[in-house]
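K.L.:
Chains as they are written, first to last, in my numbering: chain S, 1 to 299; chain Y, 1 to 313; chain W, 1 to 346; chain X, 1 to 280.
There is no bait here: all hints are sound.
The calculated lysine-lysine pairs, modelled on DSSO-like cross-linking and capped at a C-alpha distance of 30 angstroms, are:
1) 292(W) with 151(X)
2) 162(W) with 234(X)
3) 292(W) with 207(X)
4) 205(X) with 292(W)
5) 126(W) with 162(W)
For each label pair, taking beta carbons as the anchor points, the in silico distance ranges come out as:
6) 157(S) with 70(Y): 36 to 42 angstroms
7) 182(S) with 148(W): 42 to 48 angstroms
8) 225(Y) with 148(W): 20 to 26 angstroms
9) 148(W) with 70(Y): 54 to 60 angstroms
10) 131(Y) with 148(X): 47 to 53 angstroms
11) 28(X) with 96(Y): 43 to 49 angstroms
12) 130(X) with 289(W): 37 to 43 angstroms
13) 151(X) with 107(Y): 58 to 64 angstroms
Please keep in mind that the hints were generated in silico from the structure rather than gathered at the bench.
Built from N, CA and C at the ideal position, the CB exists for glycine as well.
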Amino acid sequence: MTTTDLSSAPLRRRGWLTRIWKSRPPLVIGLSLFWLAVVVLMALFAEFLAPYGYAEQSLLKRLQPPGFLGGLPEYLLGTDNLGRDVLSRVIYAMRTSILIALMGTVIGASVGTVLGIVAAHFRGWVDDVIMMLVDFQAAIPFLIVALAVLAFFGNNFVLLVVLIGLFGWDGYARIARGLVLSTNGQGYAFAIRTLGVHPAKVYIRHVLPNMMGVIMVQITLNFPEIILLETSLSFLGLGVQPPGTSLGLLLGEGRNYLATAWWIGIPAGVVIFLTTLAISLLGDWLRDMLDPNLKGKDA
Amino acid sequence: MNPQFVITKLVRGTLTLLLTVTFVFIVLRASGDPAQIMLSDEASPAAVAAFRERWGLDRSYIEQYLAYLTAIIQGDFGTSFRDGRPALEVVMERVPVTLLLGFTALLITLALGIPSGIMAALFRGRWVDHATMSFTILGHSIPNFFLGIILILVFSMTLRWLPSSGTGSIWHLLMPAVTLGTAAAATVARFTRSSVLDVLHQPFMRTAKAKGIPYDRRILRHALPNAAIPVVTVVGMRIGGLIGGAVTIETVFAWPGVGMLLVNSVNQRDLAVVQAVVLLIALTMVLVNLIVDLTYGWLDPRIELHNRRAAKT
Amino acid sequence: MAEATTQARGGIHAASHPPAGRHATEPVLEIAGLTVSAGPVDLVEQVSLSVMPGETLCLVGESGCGKSLTCMSALGLLDDGLKATGSVRLFGTETMGAPERVINAVRGRDVTMIFQNPMAALNPVKRVGAQIAEAIGEHTELRGAAVDRRVMDLLEQVGIPKVERHKNYYPHQLSGGMCQRVMIAMALACRPKLLIADEPTTALDVTIQAQILRLLRDLQSELGLAIVFVTHDLGVVAEIADRVAVMYAGRIVEAGPVDDLFDDPRHPYTRALMDCRIGFSREPGTMLEAVKGTVPAPSARPVGCNFAPRCPTADARCQAEPSLSSDGARAVACHFFDPSAGAVRQ
Amino acid sequence: MIPATTEGLVATGLVQTYPVGRRLFGPVEHFRAVDGASFHIAEGETLGIVGESGSGKSTLGRMVAGIEAPAGGSISFWGESYAPVGSPQWRRQRRQVQVVFQNPAAVVDPRWTIHAQVREALTTHETLARSEADDRAQAMLTMVGLATLGKRLPHQLSGGQLQRAVIARALVLRPRLVICDEAVSALDVSVQAQIINLLLELREKLKLSLMFISHDLSVVRHISHRVGVMHAGKLLEIGDSRTLFEAPQHDYSRRLLAAIPADTPRQRRERDLRTFGALP
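From just these sequences and the hints, can you work out the full model?
P.N.:
Below you can see the structure in the form of structure tokens.
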């Protein structure tokens with residue numbers, strides 16, 4: 001009864017770094033949002049923003065350094081070994097990578113959340129089977145599984161998206177299951193059911209809306225990893241196939257020209273890095289906002 | 001530790017392995033005629049027939065599955081069509097190099113991640129904390145293949161300090177191991193920090209203080225043993241990440257290990273080798289998880305909860 | 001001191017439980033003007049109290065009134081981010097603002113503490129015997145087998161059966177009541193003079209609570225130790241207290257000998273607490289005299305008397321903060337209390 | 001006292017078991033949480049159940065509430081038996097019997113206003129025009145003393161107010177029987193008195209039957225007509241509240257009653273004198 005005595009408003013000593021970090025909305029969050037907006041705009045309007053087509057070659061202007069480093073001014077980030085504009089290729093690659101990651105996230109979040117709810121609702125063997133799959137997924141590095149599947153089935157876009165969608169579903173399932181179990185046990189979902197409300201209504205009206213915050217945070221954790229998975233696969237030459245393009249593929253292509261024309265690969269790498277960084281920062285911040293108790297203690 | 005706990009974990013590990021084998025079997029079957037896929041196009045009809053006979057492809061799926069399972073258990077993963085040698089042999093000769101890389105990376109992960117996580121938690125809100133947290137976010141966000149390329153660009157291409165690829169000396173090992181280790185270190189540091197912070201707020205820490213135990217011994221004797229419990233789990237999980245990461249890193253640095261073998265085999269569709277690698281990794285992960293679980297049981301006496309329900313007033 | 005005044009005032013407390021060790025005059029704990037704040041919010045305001053050797057002082061109040069914080073401040077155990085000002089003297093030595101080693105010299109040896117949730121208050125990965133041994137090793141010259149002997153003595157003293165076996169148990173293998181006994185054994189390890197008990201029986205069943213209270217009383221008369229006992233339960237107060245301090249919304253509103261307080265509560269809040277008790281002397285099924293409202297959050301405390309918004313007798317004067325005025329035995333923080341008249345005017 | 005009638009709830013030989021420590025090999029062991037409890041609750045009567053933690057009193061409450069199906073024994077609820085848990089008929093029966101839990105903050109949806117939550121309970125069982133549902137929810141909130149607070153979200157209410165809201169949500173269904181499982185245990189004493197008064201008042205007004213489960217014997221004694229003592233899954237004795245508290249039959253009941261703290265320090269000394277013959 002008196003446990004609340006101590007929990008009231010613990011405040012911390014704050015240094016200047018902390019103040020910047022925790023100012024509202026912090027500068028880093030503003031920058032992250034700005035960068036994500038740029039990425040989304042580029043992905044949406046690639047046709048209008050890219051100065052050239054992504055496959056448009058001009059063999060006479062191969063391997064030009066970036067415009068601002070003494071190259072041709074019309075190629076801001078230079079050209080690659082086939083004389084294609086690096087900037088345009090990065091913009092189109094953003095579209096592909098973001099699109100795949102978004103689709104993958106939607107698939108993973110929906111599949112995972114639904115399976116988690118199903119496991120917690122039915123308990124018993126259904127729960128056992130789903131949790132066994134979750135454990136299995138967590139036990140084997142997903143990149144290996146993805147490589148194996150691609151090896152056997154060959155590479156195609158749909159398979160790639162489905163594979164990437166299946167990455168991370170276990171996280172959502174675990175979270176959804178935990179939340180449902182706790183609210184079903186002694187919590188509001190259980191209490192509302194004892195009023196006679198149909199379980200389906202309880203899940204749709206009460207449980208899912210209450211879960212959205214945590215799911216959103218999980219998405220911000222999962223999204224960067226999904227981008228990394230796709231770019232890793234493409235980097236290894238096993239994801240998006242030429243003539244299509246993806247940030248990972250660009251970096252992979254650029255790897256062969258590191259010594260002579262580093263600008264072919266590096267911009268794509270920077271874009272991947274900044275995007276995952278922005279989402280991670282945003283996720284941290286979101287988590288702080290959503291759950292003040294967790295402030296700074298999260299994992 | 002009680003045998004019940006160990007047996008449960010062993011059974012679960014075996015189950016995971018079985019699930020992996022089943023998964024590979026299903027993928028193998030679903031992807032078409034194994035004889036066609038596993039053998040190269042130039043294989044003689046006799047070889048195809050022998051293959052069919054060997055794997056029982058004309059029998060029912062259950063029988064095929066059992067035949068497959070038996071073969072796997074006997075260590076027969078098929079033949080690499082590239083050089084005609086048993087797949088297992090092809091894989092095993094790559095294992096030592098990968099282990100060297102993996103262990104070095106793991107050492108870097110632990111040496112970097114755990115102390116910085118502890119320091120960040122103990123000096124929460126100070127510069128150590130902010131530096132660590134910034135490092136963890138950067139480490140988490142930067143793709144390891146990109147980090148590898150940057151390192152090559154800086155230390156091999158520009159400064160010419162380190163070799164960019166291959167094996168042979170400790171200098172060859174340095175960049176791949178650092179690249180592989182740092183990302184995992186970020187996760188470990190972050191988790192260690194949160195775990196230590198969590199423990200610092202536990203009531204028993206206040207008890208220790210009330211007992212008059214000085215700060216350093218409170219941390220050493222009470223906080224860290226408790227904080228270690230969840231950290232062990234995350235280190236175990238990161239080992240999976242290291243294996244996944246090794247695939248890309250070995251490719252970036254042309255490190256001739258299992259990861260590079262896997263990528264090349266996938267590219268060339270040398271499926272016998274692919275399945276051998278996948279099953280071998282699954283076995284490794286199961287062993288790692290078993291070790292983690294046993295460590296866990298050793299660190300945390302509460303694990304025995306189910307068995308010894310004792311003296312209640 | 002207090003005793004004399006009480007008896008002079010009417011002598012109705014002939015059977016009053018005399019505190020042991022009254023010969024010593026120096027208080028073991030003396031808190032003056034203690035304020036605990038979290039940033040701009042004061043959680044505990046201007047609390048003063050003292051504890052004499054051998055006596056039991058009960059700190060009573062509802063949740064959020066600051067009684068636990070007051071105890072934590074006394075031992076320098078406040079969480080980071082909470083700031084305490086004022087004066088805390090343990091055995092005559094000022095510890096507030098003093099370096100950690102000053103308080104560590106007495107903390108765990110002369111003054112010890114037990115907590116509300118005994119299971120969580122013990123380290124889950126260390127055997128209970130080892131946890132007691134740690135306290136002994138920290139503060140005494142005992143080593144090796146002597147420590148072990150002492151651990152078993154202590155466990156026996158607090159009524160744990162089969163100590164040989166139970167000392168090797170982990171906390172989760174013991175029940176809540178047993179864990180609290182272990183906590184008490186640990187607290188007694190170095191023969192303290194003052195024990196601070198923060199709701200030690202709240203999480204326990206009523207039969208276990210009775211055993212623990214009994215144990216504490218026995219130990220007190222045996223060892224002559226002073227106890228500060230925090231509780232929200234007036235029944236527990238009746239069981240164990242010599243003196244009582246009632247806290248409301250961060251302040252002490254009334255303090256005095258336990259019999260006086262039960263016979264004649266003077267602060268309206270104390271009276272309200274007494275009224276809404278459901279004792280066995282009350283006729284079942286009757287409406288209780290419930291005071292309206294709830295304890296305000298620390299950030300939402302009213303101007304003036306904290307109890308005024310809930311007080312049935314409040315008037316314009318209560319806009320100002322009442323001071324704790326004493327008539328010798330009793331101290332009451334209420335504008336309606338007249339120390340010279342000895343009662344609250346109605 | 002209220003006469004025992006056939007109207008009401010009759011429980012016969014209730015048993016509940018839970019599997020413990022699922023083992024790999026060997027039979028599943030069962031823990032008997034409730035071991036043969038028989039009693040009845042008449043219309044308008046309050047039955048108190050006291051017991052320490054782990055005595056099975058909450059499990060008993062959950063069976064009587066119909067939330068858990070008993071492993072053995074039977075329940076007749078005003079002559080009707082409970083439908084299988086989760087079935088449509090079971091959901092309709094929820095109208096008849098409601099539960100008020102210990103921790104009100106955990107059992108309300110944090111994102112809905114309390115008015116909306118009370119209304120949801122109502123519209124689950126009745127098809128009503130929006131305005132009528134609103135009015136009836138508001139009337140119920142007024143009855144529990146929350147007339148002006150309906151638009152608030154749960155975190156904007158104190159513990160006592162939230163418990164009132166939970167009571168309103170249960171009572172808006174006009175149940176015959178309400179099970180209060182430690183309903184006032186988590187509240188501060190001053191708030192606890194308010195809620196007990198509210199329950200006494202509503203019980204009268206709505207002719208409710210109550211099953212009042214608590215570890216706090218004084219509270220149970222105050223509110224109950226009859227009281228049952230539970231220990232280790234067994235209902236040791238059950239009887240008229242006054243008789244039971246004055247002359248408990250069972251040895252454990254006597255021990256339990258002896259453990260209750262004294263009302264005043266003087267009572268404590270008198271008791272100690274009786275028990276130990278001398279002051280300590």
